[in-house]
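**Student:** With the hints as your guide, set chain F onto chain D.
So the protein lines, in turn, are chains D and F.
Counting from 1, one number per residue, gives the positions in the first sequence under my numbering.
Counting from 321, one number per residue, gives the positions in the second sequence under my numbering.
Hints are computed from structural coordinates only; laboratory data are not their basis.
It cannot be assumed that every hint is accurate.
[What the hints assert, rightly or not] Using C-beta positions, here's what the derived DEER-type ranges look like:
| id | chain 1 | residue 1 | chain 2 | residue 2 | range |
| --- | --- | --- | --- | --- | --- |
| 1 | D | Arg266 | F | Asp365 | 28 to 34 Å |
| 2 | F | Gly354 | D | Leu279 | 29 to 35 Å |
| 3 | F | Gly354 | D | Thr95 | 17 to 23 Å |
| 4 | F | Gly353 | D | Glu168 | 35 to 41 Å |
[What the hints assert, rightly or not] Heads up, incomplete: computed chain F residues facing chain D, CB under 8 Å, no partners named:
| id | residue |
| --- | --- |
| 5 | Glu356 |
| 6 | Leu359 |
| 7 | Tyr376 |
| 8 | Leu379 |
| 9 | Val382 |
| 10 | Lys385 |
[To be verified] Here are some chain F residues pointing at chain D (derived, C-beta under 8 Å):
| id | residue |
| --- | --- |
| 11 | Val360 |
| 12 | Trp363 |
| 13 | Phe375 |
| 14 | Gly378 |
| 15 | Gly380 |
| 16 | Phe383 |
| 17 | Lys386 |
| 18 | Tyr387 |
| 19 | Glu389 |
| 20 | Ala390 |
Virtual Cβ for every residue (Gly too), placed ideally from N, Cα, C.
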Amino acid sequence: MSKNRVFSIALFLAMSLFLSLSLQAAELKRIDLEEVLTIGSLDDDLIFQWTGVVVDSDSNIYLADAMDYCLKKFSPEGTLTKRAGGRGQGPGEFTAPRLLDCSEHYLYATDQGILGLHVYDCDLNFERRIMLNIPVSDLKVLSDSRFAVATLFMDTKPAILIFDDRGELVQEIPYANRKMAPMMDAVSFDIDAGGSLYLAYTFQDRVERWDSQGKKLWSTQLLGVKRVKRKNISTYVLPTEVMFKDVELDSHGFLFVLGGHVSRNRSRDVYVLNRRGTLLTILTLPEASHCIHIDRNNFLYSRANEGVTLKKFRMHYVFD
Amino acid sequence: MISKIFKNKKLITLCLVFAALFLSYAAAFPGDGGCEMGLVLCWIDYMSMPDMAVFYCGLGYVFCKKYVEA
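So that you can see chain D by itself, here it is in the shape it has in the complex (with noise of 0.2 Å):
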């Protein structure tokens, strides 16, 4: 290979490196939220109480109705145009849904009452149940044959799990050396391209990194939140304050966290951090939610109305 070739691929990789710096580099002064869509009012049925929420590459949108039993699938306007499921434990039915993601071709549902996870297709034709012996937490699909889940672990070290497509453990990846209290384990998760483990804990003040091999890179307070309330809960000491509801990462990689209780604005402050940990920024919603959603054109999916509505952000970043 001539010197000459070499040079010039050298200079386009850095080139390519630099661009992909500079959104992070400069720094982010402020994200503006413009609201473009509403789905479901107080005056109509179409929402009764929704819980998860994804958004497949065609800008569809899903939500898991917690009081209606279902999964609706919207037009991208916002038009419903698919239900599935129903009250019950049979195929394709639920008892409590919860949480949604979706893969290239596959929609993934949890419920808080079954076990395993509820597996459709892109147009909410059930297609089967992936059995799993754990209780699902937080779910993040990674592709049509993984996927991550969070649990609760009362007696073990805390690990988010890959399953593949037929519910078998691929790999653990721990996030602490040591067993934690009941409930201060419970995590938000999300996970990066590179297999970057970014943790939201609920219970208490800290946001976290790690890679894949279940190495820290860094942990950050948010709150300033020096003791966690504990209640005497039956024969459990048990936390009552929730420090972070949720965690998700936008396609510049920024880290978005939905603050709990303890933030400014209940239940409202997003807080905005880049790869390395450090805050940018803190967005407020305008009404409180239980959880967020960023799809991969960085619209920002909130509740509204305490769950009657779905509330979607354009996201405008001002960099300084």
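**Tutor:** Frame of chain D; chain F shown alone:
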């Protein structure tokens, strides 16, 4: 005075019954909110399967804390 008390006997009895109910309820869940109460009730429901109770009820508690106590 005594006749007045006798006149309102029914009302006073009713008040005492409600007070007793309230106090016994408060004793069972001292100072707890809805999620804590739900957790205790869930544990009672799953008493025969203690291992599952820890997981199911724990998960329900986390969900309640996130969703209901917005």
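**Student:** State for each hint whether it applies.
**Tutor:** Consistency of the hints with the structure:
1. Look at Arg266 (chain D) against Asp365 (chain F): about 30 Å separates their beta carbons, and that is inside 28 to 34 Å.
2. Between Gly354 (chain F) and Leu279 (chain D) the beta carbons are some 32 Å apart, a value that agrees with the proposed interval 29 to 35 Å.
3. About 20 Å separates the C-beta atoms of Gly354 (chain F) and Thr95 (chain D), a value consistent with the hinted range of 17 to 23 Å.
4. Separated by about 40 Å at the C-beta atoms, Gly353 (chain F) and Glu168 (chain D) satisfy the suggested range of 35 to 41 Å.
5. With 8 Å as the threshold, the beta carbon of Glu356 (chain F) comes within range of chain D, its nearest partner Cβ sitting at about 5 Å, so the hint holds.
6. Annotation: interface hint on Leu359 (chain F) holds; nearest CB of chain D at approximately 6 Å, less than 8 Å.
7. The beta carbon of Tyr376 (chain F) comes within 6 Å of a beta carbon in chain D, closer than 8 Å, and the hint placing it at the interface holds.
8. Look at Leu379 (chain F): its Cβ gets to within about 5 Å of chain D, closer than 8 Å, so that hint holds up.
9. With 8 Å as the threshold, the beta carbon of Val382 (chain F) comes within range of chain D, its nearest partner Cβ sitting at about 5 Å, so the hint holds.
10. Proximity of Lys385 (chain F) to chain D holds as hinted, the smallest CB-CB distance being about 5 Å (cut-off 8 Å).
11. Hint on Val360 (chain F) holds. Least Cβ distance to chain D is approximately 6 Å, under the 8 Å limit.
12. At a threshold of 8 Å, the smallest CB-CB gap from Trp363 (chain F) to chain D is about 6 Å, leaving the interface hint in force.
13. A hinted interface residue such as Phe375 (chain F) counts as satisfied when its beta carbon comes closer than 8 Å to some beta carbon of chain D; here the least separation is about 5 Å, so the hint holds.
14. For Gly378 (chain F), the shortest C-beta to C-beta distance to chain D is roughly 5 Å, which falls under 8 Å, so the interface hint holds.
15. Because the beta carbon of Gly380 (chain F) sits about 6 Å from the nearest beta carbon in chain D, less than 8 Å, this interface hint is met.
16. Evaluation of the Phe383 (chain F) hint against chain D yields a held restraint, the C-beta minimum of about 7 Å falling below 8 Å.
17. Annotation: Lys386 (chain F) was flagged as interfacial toward chain D, and the flag holds, the nearest CB pair being 5 Å apart, inside 8 Å.
18. The closest approach between the C-beta of Tyr387 (chain F) and any C-beta of chain D is roughly 4 Å, which is under the 8 Å cut-off, so the hint is satisfied.
19. Checking Glu389 (chain F) against chain D by beta carbon gives a least distance of about 7 Å; that is within 8 Å, so the hint holds.
20. A least Cβ separation of about 4 Å between Ala390 (chain F) and chain D falls short of the 8 Å threshold, and the interface hint therefore holds.
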